[in-house]
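**Q** Starting from the given sequences, assemble the full structure and let the hints guide the process.
Keeping their order, the protein sequence lines are chains A and B.
Taking the numbering used here, the leading residue of the first sequence gets 1, the next gets one more, and so forth.
Taking the numbering used here, the leading residue of the second sequence gets 81, the next gets one more, and so forth.
Hint data in this document are derived by calculation from the structure and do not stem from the laboratory.
There could be a bad hint or two in this list.
[To be verified] Straight-line alpha carbon distances no greater than 16 Å define the calculated EDC-like cross-link-like pairs of lysine to aspartate or glutamate that follow: (1) B:134 / B:234; (2) A:40 / A:9; (3) A:28 / B:207; (4) A:72 / A:51; (5) B:231 / B:209; (6) B:90 / B:120; (7) A:40 / A:69; (8) B:211 / B:232; (9) A:25 / B:207; (10) A:7 / A:62; (11) A:25 / B:200; (12) A:31 / B:207; (13) A:31 / B:209; (14) B:231 / B:199; (15) A:79 / A:32; (16) A:80 / A:32; (17) A:78 / A:53; (18) B:211 / B:247; (19) A:28 / B:209; (20) A:28 / B:200; (21) B:225 / B:136.
Since we're looking at a predicted model, the values are computed, not measured.
Residue-level listing of the chains:
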Amino acid sequence: MTDVIIKEDQVLDCSGMLCPLPVVKTSKAMKELQSGQVLKMVATDPGAPPDMEAWSRQTGNELLRSMVESGKFIFYLKKK
Amino acid sequence: MSKSDPNAPKRLALIASKGTLDWAYPPFILASAAGAMGWEVGIFFTFYGLTLLKNDLTASVSPLGNPAMPMKMPFGPEGFQNINWAMPNLLMANVPGFESVATGLMKQTFKNKGVASVDELRQMCVELDVKMIGCQMTMDVFGFKREDFIKECEVGGAAMFLEYAADADVQLFV
Chain A
1 MTDVIIKEDQ VLDCSGMLCP LPVVKTSKAM KELQSGQVLK MVATDPGAPP DMEAWSRQTG
61 NELLRSMVES GKFIFYLKKK
Chain B
81 MSKSDPNAPK RLALIASKGT LDWAYPPFIL ASAAGAMGWE VGIFFTFYGL TLLKNDLTAS
141 VSPLGNPAMP MKMPFGPEGF QNINWAMPNL LMANVPGFES VATGLMKQTF KNKGVASVDE
201 LRQMCVELDV KMIGCQMTMD VFGFKREDFI KECEVGGAAM FLEYAADADV QLFV
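**A** Set out below in structure tokens:
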């Protein structure tokens, strides 16, 4: 699964931000996308993974992948 | 009407009853996070919480009576910044200007760590269409005027909030 390349349409960097900023900024950025487009969100907040999972479940925007890369949390979210 | 329509978004109803800087965070954080998840959110600002709706947000923090509150220094090496400074009540109560020092330290520490300011969080709530209700009775008691408060807020009473909260999925008193 991890070898499938996901191509993002937009990147949002939330590095250095704490709760609730990554969630709020993600929701704002998603509003700019069309259905089916993918947002790549980068965060450093250790609380971001559980929060983004909850955000995805609550909003219905699919969390395609969540990973850690050189100390950063990376999320690929598909607009519903 | 959240309950009558199964497709309606979830609803969060909060009561914000405290006006200090530390207690200003929970309602605005919860409200903006819920708004970001597509929930309907309403906050009833009452008693000291009403001051969080003032045009000029001057929330400060008092370490006095907050015995568990750690004080952090927002400058210096990491080891120094991580120290929890115990603040004896005698010192807090008697040193002039202690509250403004404590407020400044808290604001700077939060900023350094990447936490939004209360002003920013409130503005996010406005942008997320959070319904903010200022308590009419509190305005009357403390002698505030409608124009002292941000134009985005509504003014109402207990019955108005309860009707809103009755249809909420989550109700919290902060």
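**Q** State for each hint whether it applies.
**A** These are the hints, each one checked on the structure:
no. : hint          : verdict
1   : B:134 / B:234 : holds, 12 Å
2   : A:40 / A:9    : holds, 8 Å
3   : A:28 / B:207  : holds, 10 Å
4   : A:72 / A:51   : holds, 15 Å
5   : B:231 / B:209 : holds, 13 Å
6   : B:90 / B:120  : holds, 6 Å
7   : A:40 / A:69   : holds, 13 Å
8   : B:211 / B:232 : holds, 8 Å
9   : A:25 / B:207  : holds, 12 Å
10  : A:7 / A:62    : holds, 14 Å
11  : A:25 / B:200  : holds, 12 Å
12  : A:31 / B:207  : holds, 13 Å
13  : A:31 / B:209  : holds, 14 Å
14  : B:231 / B:199 : holds, 15 Å
15  : A:79 / A:32   : holds, 10 Å
16  : A:80 / A:32   : holds, 12 Å
17  : A:78 / A:53   : holds, 13 Å
18  : B:211 / B:247 : holds, 14 Å
19  : A:28 / B:209  : holds, 13 Å
20  : A:28 / B:200  : holds, 15 Å
21  : B:225 / B:136 : holds, 13 Å
Hint compliance for this structure: no hint is broken.
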